[in-house]
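**Student:** Sequence:
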Amino acid sequence: MHISPPFLPTRAANQTEEAWLALAMTAPVSRISNTGAPEGSFPLSNHLLWHNGQHLEGQAGSDGQAYARAIADGEVIYIGAPKKANDDINDAQNLNPFGEGASWTDNGSVILRHTTHIGAYGQDTTEIVYFSLYMHLSQLASVTGSDKKKRALKVGDKVARKDAVGEAGRIYGHTRQLHFEICFDQNNLTRLIGRAPTWVDAAAIPAPTEDGRRDCVFGDIWFYLPATTPTSSTAPTSHLRSASQSTLGQALWVRMRYSGGDCTAESLSVTGQSLGEVPLRNGEYHLYDEASRRHKALPQTDRASSSLSGWYELLRFGRNLGRSLTDRDPLPANVAHWRQIHGPDGQPVWADLNAEGSFKFSDADFLPIQGWNFIDDDTQPDDQRCDSPHLKELVADPDTSNARRLEASQLASRLGDRVVARKLRRMICRFPSEWDQNSISTRYGFVRELEPFKDNPDAWTAQEAHLRALSFADLPAEYLAADWRVHPAEYIGALRKCVWLQRKDLKKIFSGIADAYLTQVLDELNKVSGKHFLNSTLRQAHFLGQIRQEAGATMAATSENLNYAPSVLRGKFSYYSAHPAEADQDGYERDARGNITRRADQEAIANKAYGGRNGNNQPGDGWLYRGRGLKQVTGRGNYRSFTNDYRGSWATGWEDFEANPAELLNFPYSLRSAVWFWTANECMNPADEGITDNHVDRVTAKVNAGELGRRQPDNTYRPAADSPALNRRRYAKEAYDHLI
Numbered sequence: 001m002h003i004s005p006p007f008l009p010t011r012a013a014n015q016t017e018e019a020w021l022a023l024a025m026t027a028p029v030s031r032i033s034n035t036g037a038p039e040g041s042f043p044l045s046n047h048l049l050w051h052n053g054q055h056l057e058g059q060a061g062s063d064g065q066a067y068a069r070a071i072a073d074g075e076v077i078y079i080g081a082p083k084k085a086n087d088d089i090n091d092a093q094n095l096n097p098f099g100e101g102a103s104w105t106d107n108g109s110v111i112l113r114h115t116t117h118i119g120a121y122g123q124d125t126t127e128i129v130y131f132s133l134y135m136h137l138s139q140l141a142s143v144t145g146s147d148k149k150k151r152a153l154k155v156g157d158k159v160a161r162k163d164a165v166g167e168a169g170r171i172y173g174h175t176r177q178l179h180f181e182i183c184f185d186q187n188n189l190t191r192l193i194g195r196a197p198t199w200v201d202a203a204a205i206p207a208p209t210e211d212g213r214r215d216c217v218f219g220d221i222w223f224y225l226p227a228t229t230p231t232s233s234t235a236p237t238s239h240l241r242s243a244s245q246s247t248l249g250q251a252l253w254v255r256m257r258y259s260g261g262d263c264t265a266e267s268l269s270v271t272g273q274s275l276g277e278v279p280l281r282n283g284e285y286h287l288y289d290e291a292s293r294r295h296k297a298l299p300q301t302d303r304a305s306s307s308l309s310g311w312y313e314l315l316r317f318g319r320n321l322g323r324s325l326t327d328r329d330p331l332p333a334n335v336a337h338w339r340q341i342h343g344p345d346g347q348p349v350w351a352d353l354n355a356e357g358s359f360k361f362s363d364a365d366f367l368p369i370q371g372w373n374f375i376d377d378d379t380q381p382d383d384q385r386c387d388s389p390h391l392k393e394l395v396a397d398p399d400t401s402n403a404r405r406l407e408a409s410q411l412a413s414r415l416g417d418r419v420v421a422r423k424l425r426r427m428i429c430r431f432p433s434e435w436d437q438n439s440i441s442t443r444y445g446f447v448r449e450l451e452p453f454k455d456n457p458d459a460w461t462a463q464e465a466h467l468r469a470l471s472f473a474d475l476p477a478e479y480l481a482a483d484w485r486v487h488p489a490e491y492i493g494a495l496r497k498c499v500w501l502q503r504k505d506l507k508k509i510f511s512g513i514a515d516a517y518l519t520q521v522l523d524e525l526n527k528v529s530g531k532h533f534l535n536s537t538l539r540q541a542h543f544l545g546q547i548r549q550e551a552g553a554t555m556a557a558t559s560e561n562l563n564y565a566p567s568v569l570r571g572k573f574s575y576y577s578a579h580p581a582e583a584d585q586d587g588y589e590r591d592a593r594g595n596i597t598r599r600a601d602q603e604a605i606a607n608k609a610y611g612g613r614n615g616n617n618q619p620g621d622g623w624l625y626r627g628r629g630l631k632q633v634t635g636r637g638n639y640r641s642f643t644n645d646y647r648g649s650w651a652t653g654w655e656d657f658e659a660n661p662a663e664l665l666n667f668p669y670s671l672r673s674a675v676w677f678w679t680a681n682e683c684m685n686p687a688d689e690g691i692t693d694n695h696v697d698r699v700t701a702k703v704n705a706g707e708l709g710r711r712q713p714d715n716t717y718r719p720a721a722d723s724p725a726l727n728r729r730r731y732a733k734e735a736y737d738h739l740i
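Number 273 in my numbering belongs to position 273 of the sequence shown; there are no gaps in the numbering.
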């Protein structure tokens, strides 16, 4: 899936993902007096009331407007039309809790239902349904109806990710404000996290008894290592388990993070305290080399039950995931996964991350060791007050000698504490919607006993009228049933690591692709993205942008077209630069009207241009091994390399592509050859650095350097005005703009 924040400020050059998301989801500057927390915090707000989502400051996009936008593709299931603002002090929407005078709050609302895939395993695809709500809109977005006329958004409309849903309005007079929330029902939350949501005591996290989910794996990889995990003071040379004289002595967790081609292994105690990090420069970029080294280091008798692909998955994901439980690449049952980490004493040590009793997970498991937890213990779940013992204990003063630490006023005063706020971001909480008009009396009955309402009934009357003016009597049942709520910014940040492609993603880039073929490509790409360095939006954009130039809008695998004019031959190929007369002989000819009177001799062109290059060493090799597939693999040497490397990535479907080069025109080899080319030529290295012209050109230099011309003194390229390299820039950027 691809997900975006509800505001899309322009992203600055070299701005990190974390910094951009923080800007896009900026909390209000104003603080609540009795909590010190920003107005509209999640999941608790004033008087320790449950609060469905976050209040956000509207951020202007490239159009200068603070439009709230759909965070994912979805369907409108509810519209609350906004009332026009006024300054009538008696209007319930002008209630001012901070002083005298009118203080308008907009009541425009949109609810979207999102249905998306987050992974698959075997024949089973994991689909989740969730809801996003945009409240306090001053104006609904305009759309073009089937009659080609502009109208306001309405129930039943389909919206695409990033489409405007409305304009951020006012909350108590503060302009460009939005209440934003994301919620799930019980079944879909279970599918999201891969298990039933239950509370876990962070001070006593139980040891796991099985690996995490296989259908959805993204982000960091997590290992639970038991106290009996074998260790070594030096890098072991054997990669099979054996008796060890030394062990960790204490259980711990290891988080393995891949970023920008590097790998970092961080050790944590069983309660989450960091014990130190071990960085490995180029640890991701060199994974295939390391997998090959370990595979070849096995005794010959064990190598038959091993594979480069199996080793790669062990090193990258901590386990041999395969395509299903019965379709996994070979790997010895007693294989060891040695990595240098920090031990329980904080000192570096080599440990077997695949030791008996170890278990493996990813960020997709929403682990308690990461701070994720589930609050479903409110003793009075039908009112708006938080009566969750678990949440109160989490918020409370850690000094247990403080006899008043669980009183509402003391709890509220701690909501602005940074440590508390950080913990609350990963609490997924179950409580009723604050927007249900039908349950206001039940949910807010306790408020009448609080100041200033206890001694001033008129104040409650005004407050109740205000609540009713901002709530709805006809909310959809499916939304009301979705009573599990996540911190919006934390959820979006976590799920942006899941770059599982959807049909619309590819269709946007390859507008002419056939539906049946699209299904095949999507299935194959999603299965290999994590394994072949296509696991980020930047990498996907570069990869797909390059294919868009090679294969066109239909994403069709073709043989290289060598139908060139003599002038092009002389400029494109060194052979014809040296033999210009042969360019006139082999290139096509046109008459005065521009009609082709003689077609180019493409076979001759291929044999002359590619002869003696890229492993071509026999007469006719240039034509036989001309460019094919979605990345136009060219040359006998590259066809041989793809043949040799194929089993390192795909254990089934092997072909001798050197003997049968035309197979690269057939799916899945057309796509797999492109994926292989991307990995073998380390195209991800320049792709990781950005999406500027220079970054795209550096990827193009690995794909088809001839399009770029000579590298300039400032290490950039100046491709000719008619060069396909300019298309590659455009396609990569268009793909990125769509996927980001």
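Some hints here could point you the wrong way.
Said to hold, decoys possible - With a cut-off of at most 25 angstroms between alpha-carbon atoms, the simulated DSS-like pairs for lysine-lysine come out as follows:
| no. | residue 1 | residue 2 |
| --- | --- | --- |
| 1 | K423 | K572 |
| 2 | K508 | K148 |
| 3 | K148 | K158 |
| 4 | K507 | K527 |
| 5 | K162 | K148 |
None of these hints come from the bench; they were simulated from the model.
**Student:** A separate judgement is required for each hint: does it hold in the structure or not?
**Tutor:** Quick rundown of the hints versus the structure:
1. K423 <-> K572: It is violated: about 59 angstroms lies between the C-alpha atoms, which goes past 25 angstroms.
2. K508 <-> K148: Status holds; Cα separation ~22 angstroms.
3. K148 <-> K158: Answer holds: K148 to K158 is near 16 angstroms, not above 25 angstroms.
4. K507 <-> K527: holds (18 angstroms)
5. K162 <-> K148: holds (21 angstroms)
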